[in-house]
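Colleague: Can you build the whole structure from these sequences, using the hints too?
Going down the list, the sequences are from chains A and B. The numbering of the first sequence is our numbering, which starts it at 187 and goes up by one. The numbering of the second sequence is our numbering, which starts it at 27 and goes up by one.
What the hints contain is simulated information worked out from the structure, not anything from laboratory work. Beta carbons are placed, not taken as given, at the ideal position from N, Cα and C, and that holds for glycine. Treat each hint with caution, since some may be false.
[Claimed, not checked] Okay, the calculated bits of chain A under chain B, using three or more residues with CB under 8 Å as the criterion:
(1) 223-232
(2) 260-269
[Unchecked claim] Interface residues of chain B toward chain A, partial, derived using beta-carbon atoms under 8 Å:
(3) Lys124
(4) Gly130
(5) Phe134
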Amino acid sequence: EAGVAQSPRYKIIEKRQSVAFWCNPISGHATLYWYQQILGQGPKLLIQFQNNGVVDDSQLPKDRFSAERLKGVDSTLKIQPAKLEDSAVYLCASSSSRTGGSEKLFFGSGTQLSVL
Amino acid sequence: GENVEQHPSTLSVQEGDSAVIKCTYSDSASNYFPWYKQELGKRPQLIIDIRSNVGEKKDQRIAVTLNKTAKHFSLHITETQPEDSAVYFCAAYSGGFKTIFGAGTRLFVKA
Chain A
187 EAGVAQSPRY KIIEKRQSVA FWCNPISGHA TLYWYQQILG QGPKLLIQFQ
237 NNGVVDDSQL PKDRFSAERL KGVDSTLKIQ PAKLEDSAVY LCASSSSRTG
287 GSEKLFFGSG TQLSVL
Chain B
27 GENVEQHPST LSVQEGDSAV IKCTYSDSAS NYFPWYKQEL GKRPQLIIDI
77 RSNVGEKKDQ RIAVTLNKTA KHFSLHITET QPEDSAVYFC AAYSGGFKTI
127 FGAGTRLFVK A
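Modeller: Dropping the structure here:
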């Protein structure tokens, strides 16, 4: 089966600019996650979708980050305006759970964001 | 909130030796414990997992043990090889329907 697709692979922007990331999960996977991975740390959950509804966005800095999953398939994550501390790899993952829970996660290759 | 602690942060072993990485979790409702391997510049990939109704699971050179009472779980890699060099993350699937990751262990296997 095809894996989780993410784009772009790399992005360099200046602080206060905007940026958007795109994710296409594995076909049929109901649950989609966005994780932020700062260099040297473990992935930190930003937001979790079940179909097109938000299950958990408690760790999402809502003053600057937003995410949507229209039609319960693709998802976009946006940062506006970006700060230096947003430099990280943004990982999208999906799982097949239909009950709102995550078990085995399948990750995309990630988008490496550098904010200058 | 839920928390997963992982030790050590860095581990260096000689090829052929064993490596052990330990994790503790805080949410007693956690019932699924996966381990992910992340090679440099690549995505994390699941290498082994264990559920709370099992104490130990083995897959060739890797094994995971779980002590629910102490809220500890560990990854054991035997006969390490240079290709085992990577960052390993433990995780716990919490009762809040989300996966919480440890900070990672960077494993170096010296040839």
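Colleague: Please write out, lowest number first, the hints stated earlier that are contradicted by the structure.
Modeller: 2 and 5
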